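Undergrad: Listed here are the chains, written in short residue letters.
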Amino acid sequence: MNNEYIPEKALPTELLVSATMRELKDKESIFAGIGIPLIAALAAKLTHAPRLTIIVEGGAIDPQPRRLMMGVADDSCLERVVSADSMIRVFSDQQKRLVDVGVLSGAQVDKYGNVNSTVIGDYDNPRVRLAGSGGACDIACSAQRLLIMMRQEKRRFPERVDYITSPGFIDGPGSREKLKLRGKGPSAVITTMGIYRFDEKTKEMYLDSIHPGVTVEMVKENVGWDLKIADDLKTTPFPTVDELRIMRALDPLGFFLQLKIGLLDFDTYVKYLDQCYETFNKLYFERGIIP
Amino acid sequence: MPLKEAISKFVNDEDMIGLHGQGYIDSCAALNEIGRQKKRNLTIAANVIAMAEALVGLGCVKKLVFSYVGEGIMGPAYVARRAIEEGIPNPIELEEYTHYSMALRFMAGGMGVSHMLTKSVLGSDLLKVNKKLKLFTDEETGEQYVMVPAINPDVGIISAQRADTKGNVQFFGISPTCTVGDLARASKRVIAVVEEIVSTEEIRRLPNSTMVPFYCVDAVCEVPYHAHPAVMYYYYIYDLPLHMSWVRDYWSKGHEAFLKWADEWVYGVEDHSEYCKKVGWDRLHKLTQLSRKFLGTIESVKI
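Going down the list, the protein sequences come from chains X and F. The letter at position 125 of the first sequence is residue 125 when you use my numbering, and the numbering goes up by one with no holes. In my numbering, each residue's number is its place in the second sequence (first place is 1) plus 1000.
Simulated from the structure, these hints should not be mistaken for lab results. Predicted model only: the values in this text are computed from it and were never measured. Beta carbons are placed, not taken as given, at the ideal position from N, Cα and C, and that holds for glycine. Among the hints, a few may not be true.
Unchecked claim - One side of the interface only, derived from the structure: several residues of chain F facing chain X at Cβ under 7 Å:
| hint | residue |
| --- | --- |
| 1 | Gln1022 |
| 2 | Ile1084 |
| 3 | Ile1088 |
| 4 | Asn1090 |
| 5 | Tyr1100 |
| 6 | Ser1120 |
| 7 | Asp1125 |
| 8 | Val1129 |
| 9 | Thr1177 |
| 10 | Tyr1238 |
What the hints assert, rightly or not - Some, not all, of what chain X presents toward chain F, calculated at C-beta under 7 Å:
| hint | residue |
| --- | --- |
| 11 | Pro12 |
| 12 | Leu78 |
| 13 | Val82 |
| 14 | Lys180 |
| 15 | Ala230 |
| 16 | Ile261 |
| 17 | Asn281 |
Work out the full structure, taking the sequences as your base and the hints as a guide.
TA: See below:
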């Protein structure tokens, strides 16, 4: 199966990765987190954006890892970096408007692009306690362009999030300007069903593109407010064969693309790492990233 | 100084413990020893509560000061969540920040000033739930900032690669929260846990890597593989399968299962060297080999 790069058979997660890749431009810098965002950033670097600078919040600038990162402080982030600095420094850089793009995710996103990754229910008496901001709030405040990646489910798209971990346009027009936040706010929400953007005047999220095989009705059923649809609604192109080949090569066991992260024995782990070392090196060489 | 002695001498009940490792390079040996010595009513101050959530399950913790409580790609922090949502084994208090603001707290603490300013946090609900975060207005420009208060832990646990016996600590790699230097300076007492002790002559050869000078340090403990199953840059990679099995097979399966884990991995071993024997030296050496393959060694980054 793994050698079958049939665009029409791409998984929803692969569509999500491919759509995110296309939001990234060559020569930009991106603050990317573990999992899908880093797969998208690395895959973009290996396809249309070879001079993309990846920054990992643990303090790593422009790593060229020969395996997928398993944590923001994992030593994979340190591999072949141009600068091994600190979290405090890279977040300061972002606050100083030196970083172009930030990516984050969460449990809920609302119509103004506010994201919740802290708590479901009441803060002091939580129904579910989530992990909290981590760097998400800092990224949302200061990234020059913010991408939000979400799994599309109705409960994840309420009209108003239970708690604002990461500010989007907060209460609508003028909110971010009043606070003089350093970042410009969300630019796109990319989900397993489509791509959303924000109306320049109302700051409200609208559906801009639907993924192939998805209908507007399906999307509306999975959004908790009366969602507006772009007049010129587009269909997200399928991932290309090359995009599929690269992203699957980056995640050969499907840890993130197929949500297969789970128990594995030590020998498999070692074999996996050895395999990644070969594959990644080959890809970097083939794409001219490592001379 | 043996780690056992350092923990017994410098960590008291009711202390605030500061960590800098993002859960990934914290000294798990030191955390386990704190658990073994049954210290109580501790406050843990760290950007990420991951490995350290075990101390919550062991009943050592009354409060978390943090910006992220989770096991990253492993899933939720099941142990900490049991305490937060169900009060098992005891209810804990939370004081929450964001990564940047939390790191700034350590920096302020290390600089000896009361606050740092940031544009982060504005517009989030954190300002409503954490009263220690206050607004500051620049009188000249009228621009608003958030004032982040300094933090000064009672004990800072420095997790690093090497030091001399005087306490000059060298750290190589990325500093995933504040730097080890910020934490050491912010803390009232400092325990440095390192992979190896080297001579002062060796330290002098690479002075840029000395992030903590001797005058900040109270104890130096040489404990090989002290961060395992987490990472030590240039020494060994992450033992993902072991950490995964702890989280999925024990920590996620209720408090009874967690205690079974504790009996095996914390109370069941005398010290970290016995722990290493239990993990298996072959396995640990393999993790080192892989680190050399992917990252090289400190030797290879020397000038």
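Undergrad: Now, for every hint given, state plainly whether the structure supports it.
TA: Against the structure, the hints come out as follows:
At a threshold of 7 Å, the smallest CB-CB gap from Gln1022(F) to chain X is about 4 Å, leaving the interface hint in force. A distance limit of 7 Å between C-beta atoms decides the matter here; for Ile1084(F) the minimum to chain X is near 5 Å, and the interface restraint holds. Taking 7 Å as the C-beta contact cut-off toward chain X, the hint placing Ile1088(F) at the interface is violated, the least distance being around 13 Å. A distance limit of 7 Å between C-beta atoms decides the matter here; for Asn1090(F) the minimum to chain X is near 16 Å, and the interface restraint is violated.
Interface restraint check: Tyr1100(F) against chain X, minimum CB-CB distance 4 Å, threshold 7 Å, status holds. At about 4 Å, the closest approach between the beta carbon of Ser1120(F) and any beta carbon in chain X falls short of 7 Å, and the interface hint on this residue holds. About 4 Å separates the beta-carbon of Asp1125(F) from the nearest beta-carbon of chain X, less than 7 Å, and the hint is met. The beta carbon of Val1129(F) comes within 5 Å of a beta carbon in chain X, closer than 7 Å, and the hint placing it at the interface holds.
With 7 Å as the threshold, the beta carbon of Thr1177(F) comes within range of chain X, its nearest partner Cβ sitting at about 5 Å, so the hint holds. The interface hint given for Tyr1238(F) holds, since its Cβ lies 6 Å from the closest Cβ of chain X, which is under the 7 Å cut-off. At a threshold of 7 Å, the smallest CB-CB gap from Pro12(X) to chain F is about 19 Å, leaving the interface hint violated. Below 7 Å, beta-carbon pairs count as interface contacts, and Leu78(X) has one with chain F at about 5 Å; its hint therefore holds.
With a cut of 7 Å, the hint placing Val82(X) at the interface with chain F is violated, because the nearest CB-to-CB distance is about 12 Å. The closest approach between the C-beta of Lys180(X) and any C-beta of chain F is roughly 5 Å, which is under the 7 Å cut-off, so the hint is satisfied. Given the 7 Å rule on beta carbons, the hint for Ala230(X) is violated: about 26 Å separates it from the nearest Cβ of chain F. Because the beta carbon of Ile261(X) sits about 6 Å from the nearest beta carbon in chain F, less than 7 Å, this interface hint is met.
The interface hint given for Asn281(X) is broken, as the beta carbon of that residue sits about 11 Å from the closest beta carbon of chain F, more than 7 Å.
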